[in-house]
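Going line by line, the protein sequences match chains A and B.
Quick note: the first sequence, position 85, residue 85 per the UniProt record's numbering, numbers continuous.
Quick note: the second sequence, position 83, residue 83 per the UniProt record's numbering, numbers continuous.
Be aware that one or more of the hints could be misleading.
For identical chains, the list gives no copy identity; a pair is met inside one copy or between any two copies.
Each computed DMTMM-like pair below joins lysine to aspartate or glutamate, with the alpha-carbon atoms no more than 25 angstroms apart [unchecked claim]: (1) Lys81 to Asp386; (2) Lys89 to Glu78; (3) Lys409 to Glu238; (4) Lys321 to Glu245; (5) Lys439 to Glu456; (6) Lys321 to Glu374; (7) Lys439 to Glu245; (8) Lys44 to Glu455; (9) Lys14 to Glu215; (10) Lys14 to Glu425; (11) Lys274 to Glu23; (12) Lys378 to Glu462; (13) Lys412 to Glu440; (14) Lys160 to Glu238; (15) Lys15 to Glu215; (16) Lys239 to Asp7; (17) Lys44 to Asp348; (18) Lys44 to Glu97; (19) Lys44 to Glu101; (20) Lys378 to Glu78; (21) Lys81 to Asp60; (22) Lys355 to Glu440; (23) Lys44 to Glu100; (24) Lys36 to Glu100; (25) Lys321 to Glu234; (26) Lys208 to Glu191; (27) Lys160 to Asp7; (28) Lys14 to Glu78; (29) Lys408 to Glu357.
Rather than coming from a laboratory, the hints here were simulated on the basis of the structure.
Number of protein chains: 2
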Amino acid sequence: MAPLTVDSLNPSIKKVQYAVRGELAIKSEEYRVKLKHGETLPFKKVISSNIGNPQQKGLDQPPITFTRQVAALMEWPELAKLAPDVFPKDVIARAAELYEEIGSIGAYSHSQGVPFIRENVAKFIEQRDGYPSNPGHIFLTGGASAGVSLLISMLINSPKSGILIPIPQYPLYTATLAQHSGVALSYYLDESREWSTSIEAIEEALAKARQDGVEPKALVIINPGNPTGALLDEATMEKLVHLCERHSLVLLADEVYQINLHHADTHPFTSFKKIVCRLNSPVPLVSFHSISKGVSGECGRRGGYFECTNFSSDIIAMIYKMVSVGLCPPLAGQIGVDSMVRPPRPNDESYPLWKKETDTIHAALAQRTQVMAERLNKLPGVSCVDSPGALYLYPQIHLPAKAIDAAKKAGKEPDAFYALALLDETGICVVPGSGFGQKEGEYHYRLTCLCPGVEEYVGALERFHLGFIEKYGGL
Amino acid sequence: MAPLTVDSLNPSIKKVQYAVRGELAIKSEEYRVKLKHGETLPFKKVISSNIGNPQQKGLDQPPITFTRQVAALMEWPELAKLAPDVFPKDVIARAAELYEEIGSIGAYSHSQGVPFIRENVAKFIEQRDGYPSNPGHIFLTGGASAGVSLLISMLINSPKSGILIPIPQYPLYTATLAQHSGVALSYYLDESREWSTSIEAIEEALAKARQDGVEPKALVIINPGNPTGALLDEATMEKLVHLCERHSLVLLADEVYQINLHHADTHPFTSFKKIVCRLNSPVPLVSFHSISKGVSGECGRRGGYFECTNFSSDIIAMIYKMVSVGLCPPLAGQIGVDSMVRPPRPNDESYPLWKKETDTIHAALAQRTQVMAERLNKLPGVSCVDSPGALYLYPQIHLPAKAIDAAKKAGKEPDAFYALALLDETGICVVPGSGFGQKEGEYHYRLTCLCPGVEEYVGALERFHLGFIEKYGGL
């Protein structure tokens with residue numbers, strides 16, 4: 001008997017799907033290797049628009065200098081003596097303060113994260129929301145995903161436990177639910193209203209869950225949305241909190257794009273923490289944040305946090321026990337969180353550069369998003385909500401009947417078929433809508449708005465799209 | 001109905017136990033905070049001997065300068081231009097090479113780890129063992145624990161799946177099995193023979209599993225042992241591989257202490273990869289390694305790898321899918337792995353310092369382990385195998401009957417009762433044997449051999465032990 005076959009593995013593992021790094025991403029890696037080895041392809045470089053990874057090669061969004069200078073000094077503290085003139089004074093002071101609190105970043109920290117950094121996170125939250133935050137109920141994590149995965153694994157207490165997931169969703173949620181044998185209870189976002197969240201759609205999903213004998217445990221909200229970029233208004237947020245109260249749901253608020261706002265005047269961000277506090281609601285809330293997005297874009301550090309509100313101390317102790325088995329989050333990520341929640345202040349030597357760098361990133365992202373949405377909307381058969389937040393666009397594409405037939409013959413979802421052709425022809429890697437979920441018969445794809453050469457990038461998208469439509473007999 | 005109570009959580013979570021960061025560790029943290037706030041306690045500092053964390057405050061094992069210099073340049077590449085004289089030439093060249101391959105360490109890498117670093121790991125393994133290694137079957141991880149946890153979660157395919165675990169064991173294994181509802185199949189190590197591994201004990205555990213209707217999936221071997229420090233000889237390793245063949249088991253080899261050898265002449269390390277290759281065995285093997293131990297001690301970076309041998313490409317694809325949901329291991333950990341597998345060479349500018357630093361760490365650990373074992377063995381009621389490897393001692397303690405009674409009255413395991421008294425009186429935090437597993441009626445504790453002031457440290461242990469025995473009426 002062979003000891004190890006796919007059929008002998010945990011069956012939940014087989015059900016896990018994660019399209020963001022799936023077939024297309026794997027194929028794009030193969031193309032990258034071929035180009036590196038000098039092979040000739042229809043394109044000169046691979047553009048990884050499948051993933052919000054601002055600092056990757058080819059996009060090269062520069063890191064925030066302050067964050068990296070502090071990190072360099074934490075790596076090798078002697079640098080402050082050996083090359084004192086190279087670092088701004090506030091950076092040297094900041095690193096010295098962190099070293100005093102943490103010691104070596106080569107040591108395990110408290111499993112929940114360095115207490116001093118958690119205090120700084122709490123102050124950041126208090127300043128953002130105007131309500132108190134308890135560092136004892138904050139957990140630093142290796143990116144938001146690690147926290148989401150842990151919470152979902154704890155909440156699912158039987159194969160009949162369900163969690164409400166927006167459709168379209170970031171596939172971490174369905175992947176984690178599949179892994180832990182829980183039920184994804186889908187509620188649809190309203191594309192015709194800028195991907196807004198509807199209380200009725202969630203109530204319908206709850207009614208259906210009850211019919212199916214599934215017990216809903218939690219409601220996931222991604223705000224700003226991924227892949228949609230939509231932003232919730234406060235009135236809707238209040239209704240969502242009341243809905244959680246009515247149905248005894250834990251509210252899982254994925255708020256990692258909270259500062260990626262392209263029209264902050266008309267579409268501002270409000271945290272669920274603020275709404276829950278303002279309503280004096282007893283709803284248990286977990287809010288996730290990350291250094292991978294925002295202007296920091298420090299995906300590779302693996303840093304983030306979640307804050308628990310309305311959690312009893314015995315539940316907090318249980319979460320602590322679970323994170324302690326993994327020892328501690330990466331220290332590079334933890335100090336990245338500290339730099340995110342404590343950026344330079346106006347009188348600091350580092351401030352002008354920090355301000356310039358972050359303003360540039362915000363402006364470029366807003367401008368690219370707008371240009372891309374405009375140009376995609378001009379293409380035949382493409383409609384695209386102009387996202388007010390996050391890093392993505394999620395255009396809907398209408399495909400020729402012949403293309404849909406060809407996709408079926410190839411055993412692919414039509415939008416995956418489209419995305420594979422896009423990759424083969426242009427080197428641009430996007431994620432088909434089937435990876436995020438969509439209504440039956442609709443097709444989308446998600447692409448990031450991170451690519452610097454927007455003209456070249458959108459130009460290639462346009463040429464491909466027109467050629468594809470023509471190849472399959474038009475719309 | 002309250003939406004969130006301990007009883008509403010996943011019942012597997014409740015069963016998870018992880019003593020290394022359990023009650024004692026939490027209490028020691030409280031003492032540390034009290035001392036920081038100026039409170040008077042019977043001791044002046046807390047000594048965290050509960051965890052192999054060499055660079056923690058109070059122990060302060062210095063990091064390897066080479067590793068940190070490379071890391072500082074990766075954090076802020078401009079440093080090579082701004083302060084070129086501060087860095088050795090080979091460090092600047094190494095960082096430039098890594099930057100060329102990786103780009104920014106703020107970007108997500110390949111989910112399996114940077115391809116170039118995996119190639120370097122493969123070369124390291126080939127040089128160590130003399131057999132080929134496939135970078136495509138190597139996964140970089142956020143420390144060894146993350147890999148162990150993933151593999152166990154994939155292998156458990158029903159609540160009647162079991163994994164053979166040595167007793168005593170590192171509690172990550174039982175914690176992960178509890179979390180994923182698998183069965184820990186215990187086999188006992190032989191304390192009377194320097195904690196050696198017995199084929200008969202494993203065969204007995206397998207027979208018992210069959211009686212209980214449990215299907216054994218894998219055999220865990222920790223070599224060098226944790227908490228025992230024992231080293232396997234090659235003859236035993238060959239028998240273990242054959243046992244895995246007979247019983248269709250996957251072999252999970254936790255080899256994170258592979259260079260922590262105190263008597264390398266009489267007790268050398270051989271990898272299971274080498275034995276499996278030499279025997280031309282088809283046994284599926286996973287070997288785990290880490291930058292947290294060895295001489296690197298870079299626990300906070302969260303870096304490590306596992307290599308799969310005799311795994312089919314469809315299983316590798318399944319592992320890739322699972323790690324892709326978590327995006328990628330921390331880049332700080334990945335470059336730490338690179339520095340571990342590619343240290344400076346004799347002609348490099350960094351070599352003399354690297355050699356001095358690593359020799360010092362090896363010598364200090366060997367010397368402390370020996371002194372501590374000798375002195376513990378002289379205490380009444382204490383017997384301690386002089387560990388040839390790893391970072392720990394695991395003394396057996398015979399306790400007075402009155403102490404055992406007092407422990408029962410307090411609702412504690414007797415060795416936990418002893419360890420709590422040790423912490424309260426001396427500030428030394430160890431982990432009771434009940435956290436690792438031991439035979440009924442036996443008591444042990446694990447302590448690390450990392451504390452620099454061995455005289456002060458062992459002196460405190462001795463005084464406490466003698467006082468404890470006397471307090472409870474002698475042996």
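Practice problem: Report the numbers of all earlier hints that the structure fails to satisfy, in ascending order. | Solution: Hints 1, 3, 4, 5, 6, 7, 10, 11, 14, 16, 17, 20, 22, 25, 28, 29 are the ones this structure does not satisfy, whereas the remaining hints hold.
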